[in-house]
Amino acid sequence: MARFFLLPLILSVFWTLILFRFGKSMKDGRLGYYIIIGGSTFLIGFFSLMMYLTR
Numbered sequence: 020m021a022r023f024f025l026l027p028l029i030l031s032v033f034w035t036l037i038l039f040r041f042g043k044s045m046k047d048g049r050l051g052y053y054i055i056i057g058g059s060t061f062l063i064g065f066f067s068l069m070m071y072l073t074r
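The sequence shown: position 34 = 53 (this note's numbering), numbered continuously.
Accuracy of the hints is not assured; some may be wrong.
Computed spacing ranges between beta-carbons, pair by pair [claimed, not checked]: (1) 67 x 45: 26 to 32 Å; (2) 72 x 25: 20 to 26 Å; (3) 66 x 35: 23 to 29 Å; (4) 43 x 70: 18 to 24 Å; (5) 70 x 28: 16 to 22 Å; (6) 28 x 69: 42 to 48 Å; (7) 25 x 71: 27 to 33 Å; (8) 39 x 74: 26 to 32 Å; (9) 52 x 74: 29 to 35 Å; (10) 49 x 26: 15 to 21 Å.
Since the hints were derived computationally from the structure, they do not count as laboratory data.
Every residue gets a Cβ at the ideal spot worked out from N, C-alpha and C, and that includes glycine.
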C-alpha cells in the first residue's frame, strides 16, 4: 500500500516523455496531468478502501 504514491509519478514521467517526443509543450499537456492526478487519486482511494474493508 505504501507504493501507491508511485503511480502518479510514473504516469507523469511517461506523459512528459510523450509530450517531448511529439514536440508539445507542458502547457499543451496540462489536461493529461489533470487526468493522471484525478484518476490516480480515485484508484488509490478505491484500493485503499478495498484493502481496509477486506482486512
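Cross-check of the supplied hints:
1. 67 x 45: 26 to 32 Å: With Cβ atoms ~30 Å apart, the hint holds.
2. 72 x 25: 20 to 26 Å: 23 Å, holds
3. 66 x 35: 23 to 29 Å: 24 Å, holds
4. 43 x 70: 18 to 24 Å: Once the Cβ atoms are compared, 37 Å apart, the range 18 to 24 Å for residue 70 and residue 43 is violated.
5. 70 x 28: 16 to 22 Å: Holds: the Cβ-Cβ distance is about 20 Å, inside 16 to 22 Å.
6. 28 x 69: 42 to 48 Å: This hint is violated: roughly 22 Å between Cβ atoms.
7. 25 x 71: 27 to 33 Å: 20 Å, violated
8. 39 x 74: 26 to 32 Å: With a Cβ separation near 43 Å, residue 39 and residue 74 fall outside 26 to 32 Å, so the hint is violated.
9. 52 x 74: 29 to 35 Å: 33 Å, holds
10. 49 x 26: 15 to 21 Å: 19 Å, holds
Hints 4, 6, 7 and 8 from the earlier list are contradicted by this structure; the remaining hints agree with it.
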